[in-house]
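Undergrad: Chain by chain, the residues:
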Amino acid sequence: MTTDVKPTRKNLMAIEDRIELSERGHDTLEKKRDGLIMEFMDILDQSKDVRSDMQDDYEAAQETIDVARAMEGDVAVRGAAAALEEHPEITINSKNIMGVVVPQIESTKVKKRLDERGYGVLGTSARIDEAADAYEELLEQIILAAEVETAMKKMLDEIETTKRRVNALEFKLLPDLHESQEYIEQKLEEQEREEIFRMKKIKDKKESEEKAAREEASTTETQEGPEGEVAVTSD
Amino acid sequence: MSATAGSGESNYEYVTARVRSRRAKLFDEDDYRKLVRMGPGEIARFMEESEYEAELNALGARHSGVDLIEYALHRNMAKHFEDLLRWADGRLYDYVARYLRTFDAWNVKTVLRGLYSGADREAIEADLIRAGEFDDRQVDRLLEADSIETVVDQLSGTMFADGLETAFETYEAEDSLVPLENAVDRAYYEGLLADLPRERDRATELYVEFLEAEIDFRNVRNALRLARSGADVDPAEYFIEGGRLFSAGELRGLAGSPGELVARLRESPYGEDLAAALDDLDAAGGLVDFERALEAALLEYADHLSNVYPLSVCPVFAYVLAKEREVENVRAIARGSEAGLPTEAIEEELVLL
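One line per chain: the protein sequences are H and F, in this order.
What the first sequence shows, in this note's numbering, is residues 1 to 235, in sequence order.
What the second sequence shows, in this note's numbering, is residues 1 to 353, in sequence order.
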């Protein structure tokens with residue numbers, strides 16, 4: 001890096017600007033990373049709760065369907081399930097958490113009333129209702145878990161990217177820029193010193209030339225002086 | 001099912017004697033105690049040494065595990081009920097056949113659901129229980145139907161025709177099976193008490209008394225389910241005519257306040273039989289336990305009637321209920337054991353008398 005830079009004052013100013021910008025960016029990214037981590041921790045807690053609820057709901061749903069299959073028969077349960085007319089629908093929107101776009105899943109027609117489930121009321125029993133209730137509950141929980149866990153995954157990716165950027169700025173870009181800055185400054189100082197030295201040399205040379213010229217002039221004057229006197233005397 | 005309507009006098013003596021002998025072969029408490037401690041394989045083995053042997057052997061090549069047990073139970077039950085229709089004559093045949101049409105209703109609903117969900121013929125056929133009044137040819141014709149409309153057409157001339165034709169219009173408008181299923185169930189329940197002779201003999205009175213209890217229990221169950229589910233429907237829409245306890249209007253009023261419904265049940269002739277179940281319902285509010293108690297109460301009521309009137313239709317119904325209960329109990333044990341439910345939980349689900 002350092003060798004690629006021309007040690008000019010213009011480049012030094014450009015590098016100083018870049019350093020300032022990078023340091024500002026580094027601070028901002030650090031703050032973003034810390035913020036994301038805090039948000040992530042919140043989502044992580046929420047996700048743990050949702051997972052645990054989902055596990056409970058799954059166990060409860062499994063138990064109710066086992067009982068329904070045991071008491072009503074597999075055939076009746078499958079028949080009731082096959083009668084479902086309106087399937088649940090899912091719409092995915094997005095929301096922004098500290099610049100991270102995470103999905104917001106909205107579900108409709110998951111929870112159904114008894115008359116919306118498609119099977120006849122007269123020929124079925126409460127066991128099938130309970131199994132349907134429990135699975136509707138489970139499905140809602142699964143959708144919530146999908147939303148929270150996708151958000152968590154996206155946050156994690158963003159934290160990783162931000163961390164890489166912060167590290168790149170902290171350990172690569174800024175040290176390189178500082179090195180370049182130092183290099184240019186040193187070079188510029190060196191050039192300055194050389195310039196002063198050169199100027200001094202020129203000045204010395206000029207002075208010695210002037211001195212020589214002066215000496216030459218005085219020598220010429222001394223030689224011309226006695227001949228004149230002779231001329232005056234002969235008149 | 002290949003029975004034809006019997007003619008002439010009812011042969012209560014003959015049928016009740018045969019039924020008593022069949023009833024003696026049902027699994028008793030000891031058998032259930034052994035069964036609840038077995039896995040599905042052991043249950044199938046146990047059943048092979050009972051009267052289910054033929055069905056298990058016949059179905060063994062096509063099914064396995066708990067499915068094999070369930071299908072064998074259904075086939076065996078169908079065989080027994082077919083025998084009942086074969087033995088019965090006269091009005092007794094008519095009463096038994098009316099009651100067993102619950103399996104015709106089941107088969108019609110299964111075919112409708114199968115077609116609605118796009119299931120293949122084999123899957124639908126495996127779920128049928130050929131224990132009703134429809135003969136094999138009628139059932140096969142239903143299976144060959146390629147649309148719900150064809151099924152409705154094929155059922156013209158049966159007890160389900162009128163209700164289904166009306167419900168089919170709603171089905172076409174709403175694309176929902178509910179009206180069709182409800183029409184089938186309603187036709188079955190209404191058929192139970194339709195066209196009874198005006199001059200009722202004792203046998204008919206008993207038949208009516210038993211069915212009134214069943215219809216009352218069904219109405220109570222449905223009213224409570226609708227009340228609990230919060231569905232915005234009129235409970236009177238699901239009311240089955242013929243019970244003793246409520247009219248459609250009364251049930252509409254009572255469904256809104258389950259407390260009053262329970263109080264009304266306590267004061268009814270079934271109050272004593274249902275006291276424990278009603279206490280449970282008040283305490284825990286679990287409908288499943290309540291339904292189980294209703295089933296036990298109905299079984300007990302049928303047994304009580306069959307002991308008081310041994311030469312009547314009551315012992316036959318008591319046997320039909322007991323056989324259905326055996327099928328449900330064994331299935332519960334097998335499915336429960338397959339799902340890994342604890343023995344206590346399975347025992348809780350059994351209805352034993």
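Hints listed in this document are in silico derivations from the structure and should not be mistaken for laboratory results.
Heads up, the beta-carbon is just placed ideally off N, CA and C, and yes, glycines get one too.
Any given hint could be a false lead.
Stated by the list, open to error - In silico lysine to aspartate or glutamate, EDC-like type, Cα no more than 16 Å apart, as pairs:
1. 112(H) to 232(F)
2. 109(H) to 74(H)
3. 111(H) to 232(F)
To be verified - Sample of chain H residues lacking proximity to chain F, with all beta carbon distances greater than 10 Å (derived):
4. 8
5. 66
6. 106
7. 204
Undergrad: Please go over all the hints and tell whether each is borne out by the structure.
TA: Outcome of the hint check:
| no. | hint | in the structure |
| --- | --- | --- |
| 1 | 112(H) to 232(F) | holds (11 Å) |
| 2 | 109(H) to 74(H) | violated (25 Å) |
| 3 | 111(H) to 232(F) | holds (14 Å) |
| 4 | 8 | holds (78 Å) |
| 5 | 66 | violated (4 Å) |
| 6 | 106 | holds (22 Å) |
| 7 | 204 | holds (104 Å) |
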